[in-house]
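> Go by the hints and put chain H onto chain P.
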Amino acid sequence: DGGITQSPKYLFRKEGQNVTLSCEQNLNHDAMYWYRQDPGQGLRLIYYSQIVNDFQKGDIAEGYSVSREKKESFPLTVTSAQKNPTAFYLCASNIYSGEQFFGPGTRLTVL
Amino acid sequence: QQQVKQSPQSLIVQKGGISIINCAYENTAFDYFPWYQQFPGKGPALLIAIRPDVSEKKEGRFTISFNKSAKQFSLHIMDSQPGDSATYFCAAESPRSSYKLIFGSGTRLLVRP
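Protein chains in written order, with my numbering: chain P, 1139 to 1249; chain H, 5 to 117.
Chain H on its own, in the form it takes in the complex:
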């Protein structure tokens, strides 16, 4: 019940296309859902995050869509660029679990020029 399932494992998109990464969870106590971006050999950095009181959050080309009833959330990258090529991790946090982040397994995105 503590797991966050992420898909796909890898994704190849043409420049200018839309990249979509999905995550699903079971624990309804989760109340914070961030997405992290990680470049090779670097630490992850927060990209965008959402709380379950809203269904969508947009920051520039990055959008989180949140479906509370389905217990799913997704990251959409519009107008994908080669510089977006990285590994993306979804995560979830619950106050009942001492606010520990539970990470998905990651999606390796490659944006072709």
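Isolated chain P (complex conformation):
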């Protein structure tokens, strides 16, 4: 089955800790995206990548970092510099435009 997988489903972070969220796709898509969703709000773009070894900041990149070493993978690291990281994180991909396919999400909670 083709699709996007995100892991873990739930993640807990202590103060001052970096955590990494995994996103993998087997759709052969060139572009991948990370969004943050807060309760009752829309999706805000954190980072996106349109090609391997290249990525761009979105609207709320501060406190986050990404890498794109493989076409299939686009991990997101939430650093200790992100002061309010509790949110639902969504990864998506597409060929380069049009329909974005979303993963099931990772819910991050700061303890």
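No wet-lab data here; the hints were simulated from the structure. Certain hints may be false.
Derived pair list, reagent style BS3-like, types lysine-lysine, alpha-carbon separation capped at 30 Å [unchecked claim]:
#, chain 1, residue 1, chain 2, residue 2
1, H, K46, P, K1208
2, H, K46, P, K1195
3, P, K1147, P, K1221
4, P, K1147, H, K46
5, P, K1209, H, K46
6, H, K62, H, K72
7, H, K9, P, K1195
8, H, K75, P, K1195
9, P, K1221, H, K9
10, H, K62, H, K9
11, H, K46, P, K1152
12, P, K1195, P, K1152
13, H, K62, H, K75
14, H, K46, P, K1221
15, H, K9, H, K75
Taking CB as the label site, the calculated pair distances span [as the list claims (entries may be wrong)]:
#, chain 1, residue 1, chain 2, residue 2, range
16, P, D1168, H, E63, 23 to 33 Å
17, P, Q1194, H, P12, 24 to 34 Å
18, P, V1190, H, Q6, 24 to 34 Å
19, P, F1150, H, A49, 21 to 31 Å
20, P, S1205, H, K62, 41 to 51 Å
21, P, A1219, H, M82, 40 to 50 Å
22, H, P117, P, D1192, 47 to 57 Å
To list a few chain P residues with every Cβ distance to chain H over 10 Å, as calculated [to be verified]:
#, residue
23, F1150
24, G1154
25, N1164
26, V1190
27, G1201
28, S1203
29, S1218
30, A1219
31, K1221
32, P1223
33, L1249
Each residue gets a CB set at the ideal place from its N, CA and C atoms; glycine is no exception.
Structure of chain H alone, referenced to chain P:
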């Protein structure tokens, strides 16, 4: 100019009724307008999408109406069912913005039995 404004924030409809959600935009470079459906705790999924060369697109009970001159588009859900209860997001994309999707703030729809 990059914003997509969505209304209403929440909507309650009786089973069998029509649900209408509206979005407005300013950027005339937008050329792709999708609607996504999201159930609690899940990722959004594409429901229906339109490009500005047509004024309406229908897929089953779901219809997008597009008004290019007014820079508005809307989602109509006919014969709304309790299973349609979800959050709906409109979005817009422009090639001048690296094809990034700009999302509206979402509408939480509740369809009462």
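> Confirm or reject each hint.
Consistency of the hints with the structure:
The hinted pair formed by K46/H and K1208/P meets the criterion: a straight-line CA distance of about 25 Å does not exceed 30 Å. Between the alpha carbons of K46/H and K1195/P the distance comes to roughly 24 Å, so the proposed pair stays at or under 30 Å and holds. Our distance criterion of 30 Å between C-alpha atoms is met by K1147/P and K1221/P, whose separation comes to about 21 Å. A hinted pair counts as satisfied when its Cα atoms are at most 30 Å apart, and K1147/P with K46/H qualifies at roughly 10 Å.
Restraint check: the Cα-Cα separation between K1209/P and K46/H comes to about 24 Å, which is no more than 30 Å; the hinted pair holds. As the CA atoms of K62/H and K72/H are separated by approximately 17 Å, the hinted pair is consistent with the 30 Å bound. Distance check on the hinted pair: K9/H and K1195/P sit about 23 Å apart at the alpha-carbon level, within 30 Å; holds. A hinted pair counts as satisfied when its Cα atoms are at most 30 Å apart, and K75/H with K1195/P qualifies at roughly 28 Å.
Between K1221/P and K9/H the alpha-carbon distance is near 28 Å, which keeps this suggested pair within the 30 Å criterion. Proximity of K62/H to K9/H is assessed by CA-CA distance (about 22 Å); at most 30 Å being required, the pair is judged to hold. Between K46/H and K1152/P, the direct Cα distance comes to roughly 25 Å. Compliance with the 30 Å bound is thereby established for this hinted pair. Of the supplied pair hints, the one linking K1195/P and K1152/P holds, its CA atoms being roughly 25 Å apart against a limit of 30 Å.
Note on K62/H and K75/H: the hinted pairing holds, with a Cα-Cα distance of about 19 Å set against a maximum of 30 Å. Of the supplied pair hints, the one linking K46/H and K1221/P holds, its CA atoms being roughly 25 Å apart against a limit of 30 Å. For the suggested pair K9/H and K75/H, the alpha carbons sit about 11 Å apart, so the restraint of at most 30 Å is met. Between D1168/P and E63/H the CB atoms are about 27 Å apart, so this pair conforms to the stated range of 23 to 33 Å.
Taking the beta carbon of each, Q1194/P and P12/H are about 33 Å apart, inside 24 to 34 Å as hinted. Here the CB-CB span from V1190/P to Q6/H is close to 27 Å, well matched to the stated 24 to 34 Å. At about 27 Å, the beta-carbon gap between F1150/P and A49/H stays in the expected band of 21 to 31 Å. The hint said 41 to 51 Å for the Cβ distance between S1205/P and K62/H, and at roughly 42 Å that hint holds.
Separated by about 48 Å at the C-beta atoms, A1219/P and M82/H satisfy the suggested range of 40 to 50 Å. Separated by about 50 Å at the C-beta atoms, P117/H and D1192/P satisfy the suggested range of 47 to 57 Å. Annotated as non-interface, F1150/P keeps its C-beta farther than 10 Å from every C-beta of chain H; the closest such distance is 17 Å. For G1154/P, the requirement that its beta carbon stay farther than 10 Å from each beta carbon of chain H is met, with the minimum near 28 Å.
At roughly 16 Å from the closest C-beta of chain H, the C-beta of N1164/P stays outside 10 Å, upholding its exclusion from the interface. Every Cβ of chain H is farther than 10 Å from the Cβ of V1190/P; the closest lies at roughly 16 Å, confirming the non-interface assignment. The claim that G1201/P is not at the interface with chain H holds, since no C-beta of that chain comes within 10 Å of its own (minimum 20 Å). Residue-level check passed: S1203/P sits 19 Å from the nearest beta carbon of chain H, beyond 10 Å.
Every CB of chain H is more than 10 Å from the CB of S1218/P (nearest about 27 Å), matching its label as outside the interface. Distance check on A1219/P: its Cβ is at least 24 Å (rounded) from any Cβ of chain H, clearing the 10 Å threshold; non-interface status holds. With a closest Cβ-Cβ approach of about 23 Å to chain H, K1221/P is found to remain outside the 10 Å limit, as its non-interface label requires. In this structure P1223/P is separated from chain H by more than 10 Å, as the shortest Cβ-Cβ distance comes to about 18 Å.
Separation of L1249/P from chain H is adequate, the least Cβ-Cβ distance of about 20 Å exceeding the 10 Å criterion.
This entry satisfies every hint, going by the numbered hints stated previously.
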